[in-house]
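Trainee: Given next are the chains, with one letter for each unit.
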Amino acid sequence: MTVAPARSPGTGTAGTPPAGRPARARAGAYPWVMAAAITLAVCGAALSLNGVLRGWGWYWPVATTVVVVAFTLAGLRALRAQPLLVTAGGLLALGAVLTLTFFRGSSILGVIPGPGTAAELDRLIRRASETVLSETAPVAPNVGIVMVICAVLGLAVILVDALAVPLGMPAATGVGLLALLVVPAMIKPQSVGVWGFTVTAAGYLTILACSQWFAPDVRSQAGPVRNPGQLRRAALTGAAALTATLLVPLAVPGFDQGTFPQGSRVNPWGTGTGLNPMITLGNSLRTPDGSGRITYATSASTPLYLRSVTVDHFDGESWGPDDRTASRLPLGGQIDPGYAVLTDEQQQVTAIDTGTFSSPYLPVPYAPESVRGLNGRWTWDPATLSIKGSDATASRRQEYLVTSSVPKLSATLLEQSSAPVRDVPDDFTRIPGNVPEIVRSTAARVAGASATPYGKAMAIQRYLRSAEFTYSLQSPVQGGYDGNGLSVLADFLQQKSGYCIHYASAMAVMARLEGIPSRIAVGYAPGRLTGGTVTVAGQGELSEYEVDARDAHAWPELYFQGLGWVPFEPTPSRGVVPDYASEASTPAAPGAVENNDDLVPDPAPAPTATPSATPAPAPGGGGGGTDSGAQLLPWLLGTGSVLGVLLLAASPRLVRVGLRSRRIRPRDPVEAVPQAWNEILDLGEDYGLPRDPHETPRGYAARLRQSLLGEPGGMDEAAHAAVASVTAAFERHRFGRPSAAPVGSAVVDSAVKDDAGRSRDAGHSRTAGGRDGGNAPFAAGLGALEGSLRANAGAARRFRAAWLPPSVMGRLGRLAAAPFRLVGRAVARSAKAAGRAWTGKSRRSTHDGLRGQGGG
Amino acid sequence: MESYRRTANDVSAANRNLAGVADPVSHLNGHRAAPMDPESFHDASQRILATVNTVIDGKSDAAELALTVLLAQGHLLLEDVPGVGKTLLAKTLARTIDCTVNRIQFTPDLLPSDVTGVSIYNQSSRLFEFRPGAVFANIVIGDEINRASAKTQSALLECMEEHQVTVDGKSYRLNEPFMVVATQNPIEMEGTYPLPEAQRDRFMARISMGYPDRDAEIEMLETHQAVSPLAKVTAVVSAADVAAMITTVQQVFVSQAVKEYTVSVGRATRDSALLRLGASPRSMLQLLRAAKATAALDGRDFVLPDDVLRVAEAVLAHRIILDRKAAGAGETPHTVLQGILQRLPVPQAAADAGTRRGTSVAGLGTQR
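Chains as they are written, first to last, in the numbering used here: chain U, 45 to 900; chain G, 156 to 523.
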């Protein structure tokens, strides 16, 4: 039937051969459609790089590169170039488009690399590698990194194309696409993202569909019929997998953030080890479990901030601590802050155990005077008092005792400190050159009206803590301004959503604009009581606190003449606002600020009084009831979803078992024979012998008995007999005289009679029929058949037959494909109709033309 | 030349024998025999096959097919190289049945009247008297049918189709059962008149005997040295029995599904690109009849697609004509038919919902 159209051109009328046209059209459209599919897939994968690179500016060079390379390949293929030449042409096109985009200055005619291009390339690659080494996602899209990404994506296009077309392995293109998706999956907190993943998957499926549809290789053209079901099956499988990927995370507890679980991010380097604590801070805050636990015990009466390092350089795209290696002093005796404090100071002793926290900087309370008990070589910076290990010395497994002094500050004192700032290094007052306009205008608007430095600082803090701003760890990542730097700051002031690093840098930069020396301190917010105590010599028992990565924090320090560096807390719902920085209207309740972690004991009772006090209830918590309720719900959810998953896993088996019992004992006895036959077909399919539509029932039964059962007369005799009797009964039912087919034991008897020379079978079947009556004549036989099949099959096949029976899986697939099939059929019908209308019209027009000519 | 003469004598001798049979235009005509019950049918067919197999070694398939054709009221064409037992098979089959047998050795000078019979003026009664030809028998063996002239062949072929002979405007019914077993030698084609397609189409099936296998050949040498095995063969069933068996075959049930399958076989041969000429509608009828006989021989009273498949090659292979390109590519009618049959979907109640609905509808149809 299908060959008829192939034959018809021979007998067809002269003129344009109808067969030639589709053949040529097929060869012509294929490369272009494939190029579009590859472009879709690679551009989709590139979408997910959005959080790796900041903003969207980099996307157009990338998209251009991908499109140019893909369509160059398609063009060469349309010209029927050699496969190797096509790939080489793709590489050349990639080189040309990269040259045009990035090295136009040093190139010849814009597309050919010139003599200076090599040096330029070297510079860009160096820049990219610097970016990779020193920054974390999202990085600023500088020329180097964009060039590298363009090159990589161009190569990915060539790779995917080579896999899909000349090598004929379209399924393997997934590897190339996966390689692209691995980068965001590992770097971004919310992994690949819905859009990137969806578009990539859609592109991949289109690639598969194209290769299937156009079937460029001879293998798939061997069959006389191109199976239209294959495309449908591919689409169905893909859609089902995609739906499952998007739905399963919703159903499984713990996958509540991002498209993919946050835990999937691979972080083999641990936390807190980065050279730039500013950059690792966001990631530390987002770690689901607190790692890098530090415990400390202090004599301080106020909540204690542990400071690691300060950031004071606000230039450049990304900020980092300035080590001032030249001016660092070895840690030995007294640490001198370098400025005079004109008020009373309070001595504090803090014992710190860093545990597994690993960083070159030592967390200490400000301002340290002496540090004892350290191992290794440590240096301190006179300008910032940050303590840093030299050589390989790090903070891991250090136990030390810090004596620090804190000035007794009050709002009045700060208010009075309006003297101009002296003897502060330029580093802390220099205003960076490229401050965005929004930062300047905001600073002027918020703090311009205040007279004193303290008033300005309080105005800025009040502004940042107002209801306009929300604390969010995720929105900077989603908005693409995670990280730090002046451009980030501008984004933050627009979005008004971020976390401590944004608030701290905003306050520090705005304070500097208003003339107050400032820097950003990076360290830890006050932690929680552990309930234990530590005995410190000379101080007695001190209650112990703990902090971990989730307490990582950044806060601004502002310099006031005569009082030194004073910390502020502009971040809402984090840390503790110090007394002096609280609003004057609420001096009576210094600790009662909105505080996410108000587990810090009230300063009023002595912290040592109840060292083993139970932690205060969770915010908003009414008592134990809600606590247990809150704990019960996740349990219920978890158990429910585990059960759901188990049910889902077992559902094919359940369906199969239900189907079997219905077939063995059909409600309508007329159906007994065909249902028994269906059961044999399904059993055969489950054990790896699917039905061939070109096979007669008898042929299938013979094949089943030969390949899945042992020798007749042996252990499997009952199974052989069952197959024989069911087959004979089915043949009679299907092809026999309709009136002569009563169901039940009569059928079995006649079936057995047909099966000449099998007296044992007859006895067996008759007993089976007799026991179960007319209702389930084949129950025993089918049971024996299944037993024999299981005994003869290997373990893997047995497992699959029991839990993923192919007969059920295939039926589910067909069921789910039904809507697709309907749509496909409708589309095919309309396409055929349109084609007919078109050819009819064109034929008529040529006829008209001929007639016209004849007439003329 | 001499051999021809001798064969011509044979024919006349046979005619004389025939004349001795009382009322050759037989009593079996007119009414249909009562069908045979399944057990007797099975016994009778087994007796026939067992007897034939004692004579022809290692050719039980051919014997069964020959019996199938007999019961399906068809005619058989045996085509093979000389000396493989074509004529022996025909003769043995004929002797196992207690019925009249005629053998015609076809020669170029054989006349149509030798086959059909002739009207002779009887001087004593002063009337034209019909002398029946060699075709008036239950089983007619036509040896080397391609050696006779086209005219003579046509005379035989008309008898085969019509089961009657018309001489001088008067029709004479032939005996029932009536079966022609013709042999043909495909090697020595010189000076012969090969059967044209239209005439090959009259034969229900064509069998190539093929050489026996090694063991069968050795056994043949041992047992057939002294005496012809044919001599020991006696009739095991009567002509009336055969007529009853034929009636049984006619009553075998054919379901709608099998009819559709048979038609789809024919359509597939006509649509095949490898064939210049597909199977004719008449051949579909004969295919189904042969399938019914196969089913009956298998002990069933209904036809399975397997029965159709089993006889399809023998019934169809000599009717189809290969495309020149396919023939050049080394295809034979048999390989082409096998390919077509392997790709043809078989009707069966399927496991999935869609086809199950279809079959239940079909079942309703047959019940109605």
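A portion of the hints provided could be inaccurate.
[Said to hold, decoys possible] Here are some chain G residues the structure puts well away from chain U; computed CB gaps all over 12 angstroms:
1. G238
2. P267
3. V391
4. Q405
5. P460
[What the hints assert, rightly or not] Cβ-Cβ distance ranges computed for the label pairs, FRET-style:
6. U:L123 / G:R479: 31 to 39 angstroms
7. U:F864 / G:R479: 40 to 48 angstroms
8. G:R479 / U:G838: 30 to 38 angstroms
9. G:R437 / U:F843: 54 to 62 angstroms
10. U:R842 / G:G238: 50 to 58 angstroms
11. U:G702 / G:H197: 40 to 48 angstroms
12. G:Q497 / U:R697: 28 to 36 angstroms
Keep in mind the hints are simulated off the structure, nothing from the lab. We put the beta carbon where it would ideally sit given N, CA and C, even for glycine.
Trainee: All the hints need checking, so say for each whether the structure fits it.
Mentor: The hints, checked one at a time:
no.	hint	result
1	G238	36 angstroms, holds
2	P267	41 angstroms, holds
3	V391	20 angstroms, holds
4	Q405	14 angstroms, holds
5	P460	5 angstroms, violated
6	U:L123 / G:R479: 31 to 39 angstroms	38 angstroms, holds
7	U:F864 / G:R479: 40 to 48 angstroms	44 angstroms, holds
8	G:R479 / U:G838: 30 to 38 angstroms	50 angstroms, violated
9	G:R437 / U:F843: 54 to 62 angstroms	55 angstroms, holds
10	U:R842 / G:G238: 50 to 58 angstroms	57 angstroms, holds
11	U:G702 / G:H197: 40 to 48 angstroms	43 angstroms, holds
12	G:Q497 / U:R697: 28 to 36 angstroms	35 angstroms, holds
Going down the numbered hints, you'll see the structure goes against 5 and 8, while the others check out.
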